[in-house]
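J.: Listed here are the chains, written in short residue letters.
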Amino acid sequence: MLLIHCPYCDEERPELEFRNAGEAHIARSNNIAAESDEDFEKFFFIRSNPKGVIFERWRHIHGCARFFNAARDTITDRFLLTYKAGEPKPDLTKLAADAGPAAWANRPPDQLNEKPKAKRPTKGEA
Amino acid sequence: MRKYSVFAIAREAMRGHKGWEEQWSSPEPKSEYDVIIVGAGGHGLATAYYLAKEHGITNVAVLEKGWLGGGNTGRNTTIIRSNYLYDESAGIYDHALKLWDGLSQDLNYNVMYSARGVMMLAHNVHDVQVLKRHVHANRLNGIDNEWLTPEQAREFCPPLNISASARYPVVGASLQRRGGTARHDAVAWGYARGASDRGVHIIQNCEVTGVRRTPDGRVSGVETSKGFIGAKKVGVVAAGHTSVIMNMAGVRMPLESYPLQALVSEPVKPVFPCVVMSNTVHAYISQSDKGELVIGAGTDQYISYSQTGGLHIINHTLDAICEMFPMFTRMKMLRSWGGIVDVTPDRSPILAKTPVPGLYVNCGWGTGGFKATPGSGNVFAHTIARDEPHPINAPFTIERFRTGRLIDEAAAAAVAH
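Chains A and B, in that order, are what the protein sequence lines are. Position 53 of the first sequence, counted from 1, bears residue number 60 in the working numbering, the numbering being contiguous throughout. Position 156 of the second sequence, counted from 1, bears residue number 143 in the working numbering, the numbering being contiguous throughout.
Honestly, the hints are just simulated from the structure, not real lab data. Computed from a predicted model, the values in this text were never measured in an experiment. A portion of the hints provided could be inaccurate.
Claimed, not checked - DMTMM-like, lysine to aspartate or glutamate: derived pairs with alpha carbons at most 20 Å apart:
hint : chain 1 : residue 1 : chain 2 : residue 2
1    : A       : Lys96     : A       : Asp84
2    : A       : Lys91     : A       : Glu63
3    : B       : Lys119    : B       : Glu133
4    : B       : Lys52     : B       : Glu75
5    : B       : Lys340    : A       : Glu45
6    : A       : Lys49     : B       : Glu386
7    : A       : Lys49     : B       : Asp395
8    : A       : Lys58     : B       : Glu210
9    : A       : Lys58     : B       : Glu194
10   : B       : Lys85     : B       : Asp74
11   : A       : Lys49     : A       : Glu30
12   : B       : Lys340    : B       : Asp21
13   : B       : Lys119    : B       : Asp74
14   : A       : Lys58     : A       : Glu45
15   : B       : Lys213    : B       : Asp184
16   : B       : Lys(-10)  : B       : Glu9
17   : B       : Lys40     : B       : Asp21
18   : B       : Lys340    : A       : Asp84
With the hints as extra help, turn the sequences into a complete structure.
T.: This is the structure in structure tokens:
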């Protein structure tokens, strides 16, 4: 089960309180009747379904009941951040740099076991 | 290929079992094939098998990122049935069911198809109406399906709790007697053996990293982890990763990939004679020939490629199983796992040509593709060989999401989606 940070309640709560509401940042046309079949298909059916960072909507249905957006890595299921509805789409390049384990998911096998350098000096140094 | 038979067993027993051949060969890829199939699961291998057997196209490669049958073919709950509501679905799933019957003989490989009956439980008035509608619709399409009272249901499946005070009371059931199970791995292995024998190259550990197209847009081959492999026709049969592969060719798909979980119990003596599904409480259960209870749970609510799902999903299913079959409350579960399923908006598959000439796609089987394996491979091979769909898969186009001719099994399915 995921732990999800609701940007309105400003709390990390279990997934059971939330409902996923599909891909984010898909704009509905102001005049849906005038949409061509191609544009309606793109809006209604076609989804990016990325293997990597996805922008998606969640609703805190058993909490504040509000919709918000999230950026999540679909390989690790780790949330990169959540942000309020109406806020602009965050910069993907900055997110990817901070992706943590997700950044390792697509590395070739010979690089996988590289250990991060110790932050504290090891014994003997100082 | 040496035929498997009782005489082969006797012959090998005489010479210490030293003459058994490998079931399929693992050649290095050639630089060019007539057809490349992306994905060596059941559907991909069946496609290659029928391309070779029925259409004489043997210069075929099946490329697999991991190992053969290691995706959803090896992760499903092996249920086979064809009691779908709409004519189009009934057509394709029953085509598959007819091929299951006789598949072991056709492949000379025991796929252990067992028509033990698939029973679907009704727990409320709405279930009764929906399942009865399915029974009538199926019978009009020549597919067997019958209505059972709770007593008849318990007679067919003795462990079932039909007490009126049950949390999920059973008020009736529909039964497809031709439905049942098969051994999922044997299906992949049998098709691989049959295809390899006819000259198809099965290349494992070969990930497709790009789709190359000519300046006029046609497919000319695929980039892989073993280098470029040319082909004028490429069939994508990549289940949960279809969106990823199709993106490489510049085609955006109406698909979303979700984790779907299943689990098995410790093995016990035969206690459970059939397959039971309950859509309302979302549980399905059968017993494998090894003795394990095989239990299917639901999908998670979010897109993921992680091949793992939330614990609360399987918990919910086990709650329901324990209510309906009180004898299983002390059963221990051995293993649970997830597979990534590609779901279309109308919950029906896409088996079709694509806007890119030479590129074909077989996807969108969602939570229930195993049952369709032989039928899907059969008509997809026809689609690739003739460059036009078989009448059975003609309705399952990619354009239906533009034209609106959906096959909307989601709204009225006899299936736990």
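J.: A separate judgement is required for each hint: does it hold in the structure or not?
T.: Here is what the structure says about each hint:
no.	hint	verdict
1	A:Lys96 to A:Asp84	holds (19 Å)
2	A:Lys91 to A:Glu63	holds (12 Å)
3	B:Lys119 to B:Glu133	holds (8 Å)
4	B:Lys52 to B:Glu75	violated (32 Å)
5	B:Lys340 to A:Glu45	holds (18 Å)
6	A:Lys49 to B:Glu386	holds (12 Å)
7	A:Lys49 to B:Asp395	holds (19 Å)
8	A:Lys58 to B:Glu210	holds (19 Å)
9	A:Lys58 to B:Glu194	holds (15 Å)
10	B:Lys85 to B:Asp74	holds (16 Å)
11	A:Lys49 to A:Glu30	holds (12 Å)
12	B:Lys340 to B:Asp21	holds (16 Å)
13	B:Lys119 to B:Asp74	holds (16 Å)
14	A:Lys58 to A:Glu45	violated (25 Å)
15	B:Lys213 to B:Asp184	violated (23 Å)
16	B:Lys(-10) to B:Glu9	holds (12 Å)
17	B:Lys40 to B:Asp21	holds (15 Å)
18	B:Lys340 to A:Asp84	violated (33 Å)
Checked against the numbered hints listed earlier, the structure breaks hints 4, 14, 15 and 18; every other hint is satisfied.
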